[in-house]
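In order, the protein sequences belong to chains A and B.
Numbered per the working numbering, the first sequence finishes at 254, counting up by one with no gaps.
Numbered per the working numbering, the second sequence finishes at 1468, counting up by one with no gaps.
Honestly, the hints are just simulated from the structure, not real lab data.
Being a predicted model, the structure only gives us computed values, none of them experimental.
Here a beta-carbon is modelled for each residue, glycine too, at the ideal position from N, C-alpha and C.
A few of these clues could be false.
Said to hold, decoys possible - Okay, derived cross-link-like pairs now, DSS-like style, lysine-lysine, Cα gap no bigger than 27 Å in a straight line: (1) 137/A <-> 1456/B; (2) 1258/B <-> 137/A; (3) 231/A <-> 183/A; (4) 1258/B <-> 1445/B; (5) 1445/B <-> 1196/B; (6) 1373/B <-> 1258/B.
Stated by the list, open to error - According to the in silico footprint, chain A covers these stretches of chain B (three or more CB under 8 Å from chain A): (7) 1331-1343; (8) 1439-1450.
Unchecked claim - Derived DEER-like restraints, expressed as beta-carbon distance ranges: (9) 113/A <-> 1158/B: 26 to 36 Å; (10) 241/A <-> 1406/B: 51 to 61 Å; (11) 127/A <-> 1140/B: 36 to 46 Å.
Residues per chain are reported as follows:
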Amino acid sequence: MSNQLEIKNLTANIGDKPILKDFNLTIPKGEVHALMGPNGTGKSTLAKVIAGHEDYEVTSGEILVDGENILGMEPDEISHAGVFLAFQYPMEIPGVSIANFIRAALQARMEEGETFDAPAYYRELYEKMDLLQMDRKFTSRSLNEGFSGGEKKRCEILQMSMLEPTYCIMDETDSGLDIDALKVVSNGVNLMRGEDRGILVITHYQRLLEYIVPDQVHVMWDGAIVQSGDKELAIELEAKGYEWVKNELATAGA
Amino acid sequence: MINPSPIEIDRDKGNFSYETDYEFDAGVGLNEEVVKYISQVKGEDEWITDFRLKALNVFNRLPMPTHWASKDLENIHFEKIRYYLAKGQKPSRTWEEVPDEVKETFERLGIPEQERKFLAGVEAQFDSEAAYSRMKDNLEKEGVIFVGSTEGLKEYPEIFRKFFGKVIPTGDNKFAALNSAVFSGGSFIYVPPGVKVSQPLQAYFRINAENFGQFERTLIIADEGAEVTYMEGCTAPKFETSTLHSAVVELVALKGAKIQYITVQNWSNNVFNLVTKRGLAEEDAEIKWIDCNIGSRLTMKYPGVILNGRRARGEVLSIALANNGQHQDTGAKMIHRADETTSNIISKSISVGEGCATYRGQVHIPEHLKGCKNNTECDALLINTNSRTDTFPAITVRGDDNSVQHEASVSKVSAEQIFYMMQRGLSEGEAMSLSVNGFVNDLTKFFPMEYSVELKRLIELEMEGSVG
Chain A
1 MSNQLEIKNL
11 TANIGDKPIL
21 KDFNLTIPKG
31 EVHALMGPNG
41 TGKSTLAKVI
51 AGHEDYEVTS
61 GEILVDGENI
71 LGMEPDEISH
81 AGVFLAFQYP
91 MEIPGVSIAN
101 FIRAALQARM
111 EEGETFDAPA
121 YYRELYEKMD
131 LLQMDRKFTS
141 RSLNEGFSGG
151 EKKRCEILQM
161 SMLEPTYCIM
171 DETDSGLDID
181 ALKVVSNGVN
191 LMRGEDRGIL
201 VITHYQRLLE
211 YIVPDQVHVM
221 WDGAIVQSGD
231 KELAIELEAK
241 GYEWVKNELA
251 TAGA
Chain B
1001 MINPSPIEID
1011 RDKGNFSYET
1021 DYEFDAGVGL
1031 NEEVVKYISQ
1041 VKGEDEWITD
1051 FRLKALNVFN
1061 RLPMPTHWAS
1071 KDLENIHFEK
1081 IRYYLAKGQK
1091 PSRTWEEVPD
1101 EVKETFERLG
1111 IPEQERKFLA
1121 GVEAQFDSEA
1131 AYSRMKDNLE
1141 KEGVIFVGST
1151 EGLKEYPEIF
1161 RKFFGKVIPT
1171 GDNKFAALNS
1181 AVFSGGSFIY
1191 VPPGVKVSQP
1201 LQAYFRINAE
1211 NFGQFERTLI
1221 IADEGAEVTY
1231 MEGCTAPKFE
1241 TSTLHSAVVE
1251 LVALKGAKIQ
1261 YITVQNWSNN
1271 VFNLVTKRGL
1281 AEEDAEIKWI
1291 DCNIGSRLTM
1301 KYPGVILNGR
1311 RARGEVLSIA
1321 LANNGQHQDT
1331 GAKMIHRADE
1341 TTSNIISKSI
1351 SVGEGCATYR
1361 GQVHIPEHLK
1371 GCKNNTECDA
1381 LLINTNSRTD
1391 TFPAITVRGD
1401 DNSVQHEASV
1411 SKVSAEQIFY
1421 MMQRGLSEGE
1431 AMSLSVNGFV
1441 NDLTKFFPME
1451 YSVELKRLIE
1461 LEMEGSVG
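Required output: the full structure, derived from the provided sequences and hints.
The structure is reproduced here in structure tokens:
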């Protein structure tokens, strides 16, 4: 299918340990999906495998971006294919300003012979920063260096909005955020919602989903999705806790 | 993702591969005859011939500094090296006189638009004889001498002789002795009292075959209250054939004078680059070395300042990038010899793959001095697990009234950082060069703009070549 991010029968290991077990998920353009689950079920692994992290060995399955299999591609190629991963723990790159970093990322996408329009770039950058309610001084700071949790996540959202990916994977974007930062970040994600974009929000808590209302909610357990539903599922999950899922599974398995 | 195996960098773009048609060739190997031949070809006075021959003796007598430096020095085969090659012509002084082959080389460098800015001043000078003479006239009107060292020795012996070999005596080290025996090329600059040369002087101004020699000898004298900036090197020069480069650079800043000496060098990785650079700063004078070393098989270079007069200031800002198969053994020396003298050393080294970077510093403040200050900062960046860095800061500070500050750090570009940047679309090479540029950023902002741009490009070239 050419209008969706499709993960099919994905099995991935770290070392000998299987983390993703025959995982399946499809995110069509125009939709926001939430992936929930307790720690250690493989949510972050999924994000990294999609982005092409070398630590994971994929033993079977496919990841299709608009029909093209991205498995085995280098992380930069996957990025060029339109996949953006907002990191749970964004890395610090000392001495490299946010503005220069985003610029380098955009330049890396240019065709040979194309020239970079710096004034247009800064115009766009400042527009988006205004939308995200960011101080303009922000982008002259070294990327993530000494940032608070909230600043790091905002920086991820700014990069995402500048790179305009087709599919966004947001890994625990709400972790380490106070309520104000959560609102700003959610606002940023909501601004990115649209017909031409699919978004996967990975989260531990239902709280984020009050601000980013998902079209679908999936519950992950032990390397696979065990339950899917609409936004009500998240609320139910919040009320009953993950133990509920565990018990349901035990019952089903018995 | 990160490939640690050594990969040859495509340096073809910087190759000087034009036809070599040398009229004078001292042959292979080093002995008295060779030294006499060089001196004779250059038509030198007897005292210089004697100076050279004495230096040859010192060179033969001095041991290799392998007791503290790399054993790799033992792989230099002095008997297989050509010590002098020159075309018979006088140094080319205008663009028209520059041999076509050299022009072609510049053409082939494909210097990008941004960098042309840096060259523009030069190219404008080269473009027409009139422009070039205008610059020369302006300098001459003010009494500034800017010639090759051979010409300087011949035409200005009274100034040259007074300072020549005084800052770096022949016996300073084995390679200074070698240079003293066979030197050719390099610049001689004299700036008269009170004259402030506004434009940086560059070796580009006097292109000639000698200028790219292996045993350059440069002497810069700024008389009282004078100011001058000298720029050496560019992205290009590289000699596949001459594997030993051993220059000597002496700076003399008399009372209240200021000298800034800037080097950005990029050698192919078969070159031994063993250079002695030192300045003498008299009262209220200031000497600043900006030194960037990229490439070479082994670079040993420790620019120094002898702070000889009260309130003299010395500074070394250096960047060394050691890629696979390369060893950058660099550092700085600050010898305080008068009260209230201050020195500042900031050294940044980057080791990539199997590259090895060593910092050696020497700061000496004797007990009888008062009010002296030194600040030393050494930062090392490691990329890939196999790279290595060593720091040997020797700081001797005696006396209660002197202060010293030393900071050192080692950081790493992690695989996770590279992954993060690649996730944003940067290639591995781009990600690495961006981290390296970030690492040197707080230092390069003190460099002249053109040079930081050039350095940035060099780093990119080097990092792209280092990934698989």
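Tested hints:
no. : hint                         : in the structure
1   : 137/A <-> 1456/B             : holds, 24 Å
2   : 1258/B <-> 137/A             : violated, 36 Å
3   : 231/A <-> 183/A              : holds, 19 Å
4   : 1258/B <-> 1445/B            : holds, 20 Å
5   : 1445/B <-> 1196/B            : holds, 23 Å
6   : 1373/B <-> 1258/B            : holds, 19 Å
7   : 1331-1343                    : violated (count 0)
8   : 1439-1450                    : holds (count 4)
9   : 113/A <-> 1158/B: 26 to 36 Å : violated, 57 Å
10  : 241/A <-> 1406/B: 51 to 61 Å : holds, 55 Å
11  : 127/A <-> 1140/B: 36 to 46 Å : violated, 55 Å
Checked against the numbered hints given earlier, the structure breaks hints 2, 7, 9, 11 and satisfies all the rest.
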